[in-house]
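Peer 1: Residue strings, one per chain:
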Amino acid sequence: MKKITYILLFASAFALTSCYEQKDQIHLRTEVRSDDLGNNIVTRPVAFAFSALIGEGIEINEAFTRINKGGFLELHINGFNRSQFTKKFKYRVEWLDQDGMLIQTKTSVWQRMSAMGKSPFSFKVVAPRREAVNFRMDTRKWE
Amino acid sequence: MKTGIFQIIALTGVLIAGCEQKTSYIDTMHDTGKAVMALDYRDFDQAASEMVQSMLASGALNKADGGRYVMTTGRIMNDTMQRIDTDQLMAKVEEELLNSGQVVMTSAVGGKGASDQMIYQTRDIRDSDVGDEFDSDTVAAKGQLIAPELSIAGKIFQRNIRYDNNRQQVEYYFQLQVTNLTNGLRFWQKETLIGKRGSNKSVAW
Chain A
742 MKKITYILLF ASAFALTSCY EQKDQIHLRT EVRSDDLGNN IVTRPVAFAF SALIGEGIEI
802 NEAFTRINKG GFLELHINGF NRSQFTKKFK YRVEWLDQDG MLIQTKTSVW QRMSAMGKSP
862 FSFKVVAPRR EAVNFRMDTR KWE
Chain B
360 MKTGIFQIIA LTGVLIAGCE QKTSYIDTMH DTGKAVMALD YRDFDQAASE MVQSMLASGA
420 LNKADGGRYV MTTGRIMNDT MQRIDTDQLM AKVEEELLNS GQVVMTSAVG GKGASDQMIY
480 QTRDIRDSDV GDEFDSDTVA AKGQLIAPEL SIAGKIFQRN IRYDNNRQQV EYYFQLQVTN
540 LTNGLRFWQK ETLIGKRGSN KSVAW
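Here the protein sequences line up with chains A and B, keeping their order. Residue 742 is where the first sequence starts when you use this note's numbering, and the numbers rise one by one after that. Residue 360 is where the second sequence starts when you use this note's numbering, and the numbers rise one by one after that.
So that you can see chain B by itself, here it is in the shape it has in the complex (with noise of 0.2 Å):
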């Protein structure tokens, strides 16, 4: 009797080992996964890439002295059901466009304030009793940061739609424009759409 219940119980436990699903990782260069209802990283990748795309044939960041302009990121507004991080999608754009040699990006100001806080906490050093540790030479001088010429901004925002009993459309649309923050003329703007349709169960939260 009592084998038999161990002979059970270690059946049972191969049984549920097998059920379990493996984790294993995602091939983000060929991934072949289905589509989620969701943002999920390849509409960012895409979208990213579309837009990176766009500016460059543009030509709107052409400088005309043949320099690069000095960008900062503004806000970057998340109007969708998800708990989205914008830099999920202006990570890549800012990568991209710093690599590309058109612009310089500022860390010193920013729609989210300065992306890098040791620009003013090095300043306030500088500025307090600590300031006189420290060789003034290797300390910021004052008037030394230079000011954004763009801005990007834009925001992210999500549409559901009954498409039918069953189904149901969602439409994601990523607008991006870039401010000239001299005189407030925009010199590029682009909407990207992303949409999916699927099952009434699925959620897109």
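Next up, chain A with everything else stripped away, as it sits in the complex (with noise of 0.2 Å):
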């Protein structure tokens, strides 16, 4: 009983781990990995259409923010896209000071960013002025 355990913990670690190498620092893609009984040449069109029919898309899983060594306010954010569709988008950031008010700035425009299907995506944006601290982020269809 004991010996099974013991097989049993390893074998539930040495999984764990397995999968953490391989969802977060390198992805195999559809097509490129080898195909499973989830995921094979039957099933990926169905899973595409269920993308689409239940309108899987970005979501922003971390925004946080840090001072750069020029003293100006960083935005990183880290998200995903759920669909199984690259998606393209625009964001745009805009700029607080410490009593909330606006600063009008030429960087805050709009900026493309594209994320392919089932994948993380990350991108960083720079305050352009010192009295930035905080922020407000607005996002729009690619067209």
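A portion of the hints provided could be inaccurate.
Result set (DSS-like, lysine-lysine): computed pairs, CA atoms no more than 30 Å apart in a straight line [claimed, not checked]:
| no. | chain 1 | residue 1 | chain 2 | residue 2 |
| --- | --- | --- | --- | --- |
| 1 | A | Lys-810 | B | Lys-422 |
| 2 | B | Lys-393 | A | Lys-831 |
| 3 | A | Lys-829 | B | Lys-549 |
| 4 | B | Lys-381 | A | Lys-831 |
If you're looking for bench data, these hints aren't it; they were derived computationally from the structure. This one's a predicted model, so the numbers in the text were calculated from it and none came from an experiment.
Each chain sits in its own coordinate frame; assemble them with the hints.
Peer 2: What follows is the structure, encoded as structure tokens:
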């Protein structure tokens, strides 16, 4: 019994480790990696159709700020494209001072971003003034 | 018969007026207009924004003593097939760099000469007979101008590629670099690519 428990624990740990590496650091995409039961030439069209049907899209998982070496606020965005399809979108970051007032800047323009299906994405935006202490971000479809 | 002709003329007038495209303002904040093959203001906005953010993030403009660098704009070449005033890019970059508090721009020297000719005109007055007409305390003395420490230069160029039978690909490259004029060392550089694909019939110049 003890032996079986050890084997199970070892197997679980091994499985978790290998999953972590593949999921977060190395991404073998569909049609590059080997097909499996859940993802193959038969199931893929169904998965794509279902993804479109339920309207999967972009989600932002993390938005954190830091002050860079020049004293400017930097915004780092980490997100994930839940859709099976590549999602193209635009984003615009506006900067706010300590009183919550909008800082007028020519760098607050719509920037283009693209994220491949079922993939994480990241981008960074830098405030052009040291007065910036906060931000607000807007997104829209990239036509 | 006469009434009939008048009616036809009036109807034609109404139809022509109805076909005329009304002039409207562009919503530059949220422009949803179609992309064009040539460079438009959105491309310059995007390129300038990326350039400024890269410069500020790099720390290349952080002066060791905490002061501000004196910067000038050198030569920005337009190597595209379009008639572009490169100030369309540089005015935005200069404005944002100035407002960042990292640099102060000089109008005394630049790739296109002094951006404000009055600097030299007032000095010409000082050195001419007319100079006697001015209060000497209000005329700029010699040795007052500050030389630039950094220069920003670069170019915009274009490549047209046949994509397939019906489409072309146009690539626009924006390249800028910041050089320390004292020692010639390059502090920063960046290239921004804006690519467009469209009909062969569209003209990218």
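Peer 1: Checking each numbered hint in turn, tell me which of them this model violates, lowest number first.
Peer 2: none
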